[in-house]
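Novice: Sequence:
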Amino acid sequence: MEIYVVALSQRRGIKEVTEWMSSDEFMNDVPTYFLYPISLEIMKDPVKVSTGITYDRECIEKWLFSKNNKTCPITKQLLSDYTHLTPNHTLRRLIQAWCTLNASQGIQRIPTPKPPINKTQITKLIKQASQSNLTIQIKCLKTLRSFASGSETNKRFMEDAGVVDFLASTVVNNSCNIDSASLLLSETNVNMVDEALSILHNLHVSEAGLKNLLAFKNGQFIESLTKVLQKGFFESRAYAVFLLKSMTEVAEPVHLLHQKTDLFVELVQVLKDQISQKVSKAALQTLIILCPCGRNRIKGVEAGTVSVLIELLLENCKDRKPNEMMLVLLECLCQCAEGRAELLRHGAGMAVVSAIRDEINDVEIIYKPLSDMLECVGEADVVFTSTASENPLILKQHVKELPFASEEMGRKRLFVDIFVPRNVGSCVDDLESVKVYNVDNLKEVVAANKEDKLRKAMEAQVIIGEESGQFEAWRDSLETVPTIKKLRAYAERLRIAEVEKCLGKMSDEDINKKTQKAVDDLGRGIVNKMLHGPMQHLRCDGSDSRTLSETLENMHALNRMFGLETEVSVLEQKIRAKVEQKP
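Position 431 of the sequence shown, counting from 1, maps to 431 under full-length UniProt numbering, and the rest follow consecutively.
There could be a bad hint or two in this list.
The list that follows gives simulated cross-link-like pairs (lysine-lysine, PhoX-like), each with its CA atoms no further than 20 Å apart [claimed, not checked]:
hint, residue 1, residue 2
1, Lys501, Lys62
2, Lys70, Lys443
3, Lys281, Lys245
The hints are simulated quantities; they were obtained by calculation from the structure and are not laboratory data.
Generate the whole structure from the sequences, applying the supplied hints.
Specialist: Structure follows, in structure tokens:
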């Protein structure tokens with residue numbers, strides 16, 4: 001059989017690989033190219049990317065699909081086809097051979113990975129489910145769920161094969177009969193919807209897929225999710241909220257304008273029910289995205305959002321992070337007259353806002369009418385804008401008339417516009433005395449920082465791996481300490497006895513402190529030199545090529561020869577356990 005190994009960019013021939021596999025290096029040390037370059041763990045399913053670098057499938061899929069990267073982690077080169085991962089069968093077989101040869105050291109052989117599913121399998125399964133009865137449909141859904149829980153490649157193939165549309169149709173067709181209060185009538189339908197929503201959540205649908213869901217059958221999928229929120233079980237409602245959050249995050253504002261009041265009512269009910277912190281957070285984020293669009297503020301107020309937020313703020317007055325999100329939503333709702341009226345109508349409305357303001361009393365907050373806006377801008381060096389205005393509030397002609405910023409800012413005023421649509425006109429950035437940052441600029445900064453942090457995290461992982469190996473080696477070496485202590489104590493007793501015997505044969509005139517010290521040092525030196533070899537052969541810390549059996553044999557031999565009476569069986573168990581833990 002022709003065998004060749006690609007180690008980084010070098011190739012080894014058949015003869016060289018055969019000799020290497022029978023060597024001590026292959027038997028004892030994990031070859032570096034068996035390890036995933038970032039985590040330094042043995043690869044279970046090695047695959048190649050277009051740059052020629054081999055990675056573990058699970059890790060590289062997370063890098064490419066979950067984290068939306070399109071570059072090689074090591075070379076930073078753009079991958080020509082980042083969806084195509086080529087299995088490195090040769091390297092996988094060598095890893096399995098190495099594991100088999102080192103099975104005596106407790107290393108388990110990695111199983112042969114299952115190949116990723118293909119589009120044909122998924123298409124056939126969808127067709128079968130579409131033309132069968134409910135029992136087979138549920139069976140097909142469970143099969144799809146097992147596929148979705150696999151690799152990221154499986155998830156991408158499933159989405160490409162039309163699984164998202166199939167699942168959306170399943171939810172739409174079965175959501176009408178959901179009634180959590182009547183298990184006998186709705187058990188099958190609820191199971192169908194539960195399965196479909198669970199798969200959609202675990203698929204991590206792409207941005208394009210989420211946009212399609214939002215417009216699926218002219219908004220019928222959103223209506224079905226509303227019914228699930230109204231009548232479904234807690235798990236189904238949680239999945240529905242997570243999907244709504246994901247869809248609204250990628251949706252264009254124009255597609256969020258005509259949502260029905262029932263959706264707001266059910267999202268507010270989720271907040272009241274407090275299913276979990278994660279679900280409540282997702283519901284808040286969804287409402288924060290929805291409310292600024294069109295008449296959604298009024299719909300949110302009509303759904304009772306203001307009173308529910310006030311009650312939640314009263315209950316959770318010390319939880320700062322959720323409070324901040326609730327205040328953001330409350331501020332958004334109070335930008336319409338109905339929201340302000342609802343806040344004043346509630347007995348604790350103003351009290352809650354005042355109490356939270358008191359918590360941040362180290363910040364001076366000055367309120368001024370909108371008519372004084374340009375005057376305030378002229379007094380500031382840095383201006384943040386975030387209003388729900390549909391038209392820009394600050395234009396080029398306004399900024400031209402303002403005085404220059406301070407010398408500390410280089411006489412250049414900084415505008416940070418964090419709202420969409422923009423509050424600062426795009427033409428303002430044409431002025432030399434102004435620098436404008438908007439949401440797009442902030443996204444670029446975040447992306448750059450994220451990439452830098454990821455690169456540093458990879459470097460840190462390498463350092464951690466090296467330091468962990470050294471620490472493990474030091475800790476493992478402690479297991480032979482009892483035998484070493486017994487051996488040294490035995491040698492020390494002999495040295496003291498022989499030194500005393502030697503000094504006893506000498507006359508008092510010949511014995512002085514200098515002579516006594518010289519004899520004592522001579523004895524110590526001889527003992528240390530004699531013990532150096534045995535001590536080296538008691539090491540089991542992974543720093544040399546000695547095997548477990550050799551170390552144990554040395555311990556038995558020393559105990560027999562010198563009668564050290566060390567509990568060798570206990571030490572043997574400890575050392576064997578340590579070696580078996582090594583990858």
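Novice: Compare the structure with each hint and give your call.
Specialist: The hints, checked one at a time:
no.	hint	in the structure
1	Lys501 with Lys62	violated, 73 Å
2	Lys70 with Lys443	holds, 17 Å
3	Lys281 with Lys245	holds, 10 Å
Checked against the numbered hints above, the structure violates only hint 1.
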